[in-house]
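Number of protein chains: 2
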Amino acid sequence: MAARRFAFISETDARQIEPGTTVELEPGGHVTPLAGDTLRARRVTVVPAGSVDPALPADLAPVAEIRRVALGSDHSGVKLKCVLVDRLRKRGLAVEDFGTATEEPVDYPDTALAVARAVARKQADAGIVIDGAGLGSAIAANKVRGVRAAMCTTPTLARYAREHNGANVLALGATLIDAAAAAEIVDTWLSTPMREARYIRRLLKIRRIEEQG
Amino acid sequence: MAARRFAFISETDARQIEPGTTVELEPGGHVTPLAGDTLRARRVTVVPAGSVDPALPADLAPVAEIRRVALGSDHSGVKLKCVLVDRLRKRGLAVEDFGTATEEPVDYPDTALAVARAVARKQADAGIVIDGAGLGSAIAANKVRGVRAAMCTTPTLARYAREHNGANVLALGATLIDAAAAAEIVDTWLSTPMREARYIRRLLKIRRIEEQG
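Chains as they are written, first to last, in the numbering used here: chain S, 1 to 213; chain G, 1 to 213.
Rather than coming from a laboratory, the hints here were simulated on the basis of the structure.
One or more hints might be untrue.
Claimed, not checked - The calculated BS3-like cross-link candidates involving lysine-lysine, where the alpha carbons are at most 30 Å apart (straight line), are:
1. S:Lys79 <-> G:Lys205
2. S:Lys205 <-> S:Lys122
3. G:Lys205 <-> S:Lys122
4. S:Lys205 <-> G:Lys122
5. S:Lys90 <-> S:Lys122
6. S:Lys205 <-> G:Lys79
7. G:Lys122 <-> G:Lys205
8. G:Lys205 <-> S:Lys205
9. S:Lys79 <-> S:Lys90
Claimed, not checked - Chain S residues, not near chain G, derived (Cβ > 12 Å throughout):
10. Ala55
11. Gly92
12. Ala101
13. Gln123
Note that the structure is a prediction, hence the values are computed from the model and not measured.
For every residue, glycine included, the Cβ atom is placed at its ideal position computed from N, Cα and C.
Work out the full structure, taking the sequences as your base and the hints as a guide.
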């Protein structure tokens with residue numbers, strides 16, 4: 001996870017940085033506007049020098065570029081799930097829908113587990129779990145090793161959940177938010193990377209708790 | 001967990017029901033106003049007949065009568081934690097404070113783990129974990145077997161977290177809510193029992209996920 005370090009990033013530099021990677025910028029360093037556009041297009045993350053800790057496991061932070069999303073909800077979240085599945089597919093993401101498909105009651109631990117496992121097994125880059133308040137699905141998903149699930153009611157929380165906690169599963173409450181609010185939360189969550197080593201380092205402690213059971 | 005069933009509860013009946021237990025009331029059944037007062041004073045929970053499932057493990061639902069509370073927060077939640085510790089002690093609860101005590105940065109997985117373990121080992125009936133948004137502490141606490149942690153921003157969510165999800169750890173975000181709002185959330189959470197067998201049954205599925213790791 002050692003990152004290349006730059007004092008200056010020109011358009012030529014930007015074109016030579018591998019897409020999807022993270023690079024460091026020295027204090028007082030500069031990125032030209034054109035290079036900035038290129039870096040964004042190549043999904044390159046620029047962080048302050050010293051942010052990347054090569055001692056941390058490379059798979060600790062969540063996938064920065066989310067392409068495959070797993071979704072699941074209990075009966076109370078079916079309508080919201082359908083809206084989100086459509087929306088994410090239209091954005092070109094690969095979406096796997098783990099049900100449920102009707103309003104016949106099902107148990108939130110079952111649907112949350114299906115999504116959490118897909119994320120833990122790296123069949124999906126991220127997961128979205130839905131029930132009435134999202135709290136139960138978040139609890140159940142967090143029981144799966146490698147999953148960090150956060151129940152978010154606002155875009156601010158969604159950004160925080162990624163930046164600080166590297167949440168790879170988002171839990172939503174279908175009775176708390178409408179489809180428009182949910183879409184905004186999901187968009188923020190999907191587009192926020194986890195960058196700072198001081199936050200990533202804390203995920204190692206969560207992993208240790210998982211290992212102790 | 002088999003519950004006594006009543007068609008009618010008089011004051012005399014009420015005085016003979018063991019404090020802190022749950023009893024069932026038949027459809028169309030009646031509780032006299034005086035008996036109602038006595039039942040509340042004895043912390044007896046009255047649920048509709050058929051709500052209590054004797055097949056479920058007795059330790060699945062959270063402790064209904066919370067007397068011992070464990071609290072912990074990272075540096076961002078120290079002030080809020082102090083307010084809550086004072087408040088809960090004044091209410092006569094036994095409070096164990098797992099720190100941190102200063103604004104020197106600490107890692108939320110450490111403080112959340114200390115509280116979660118106290119709850120899992122039944123040294124506390126319930127736990128409260130605090131950090132900036134509460135999301136990270138909820139994730140870390142949920143990694144501990146037997147703990148169900150919910151991040152709540154409103155009293156409604158706190159009530160839901162207990163009634164539906166049997167949350168035995170409450171996670172709070174010190175940057176999201178002020179002390180007055182936190183106190184209201186905590187009060188609701190502490191005073192809401194988990195009653196319905198259909199919700200308790202789902203906790204068995206969460207336990208199975210924990211067992212599978």
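Structure-based check of each hint:
no.	hint	result
1	S:Lys79 <-> G:Lys205	24 Å, holds
2	S:Lys205 <-> S:Lys122	21 Å, holds
3	G:Lys205 <-> S:Lys122	23 Å, holds
4	S:Lys205 <-> G:Lys122	23 Å, holds
5	S:Lys90 <-> S:Lys122	22 Å, holds
6	S:Lys205 <-> G:Lys79	24 Å, holds
7	G:Lys122 <-> G:Lys205	21 Å, holds
8	G:Lys205 <-> S:Lys205	26 Å, holds
9	S:Lys79 <-> S:Lys90	17 Å, holds
10	Ala55	16 Å, holds
11	Gly92	28 Å, holds
12	Ala101	19 Å, holds
13	Gln123	17 Å, holds
The structure is consistent with each of the numbered hints, conforming to all of them.
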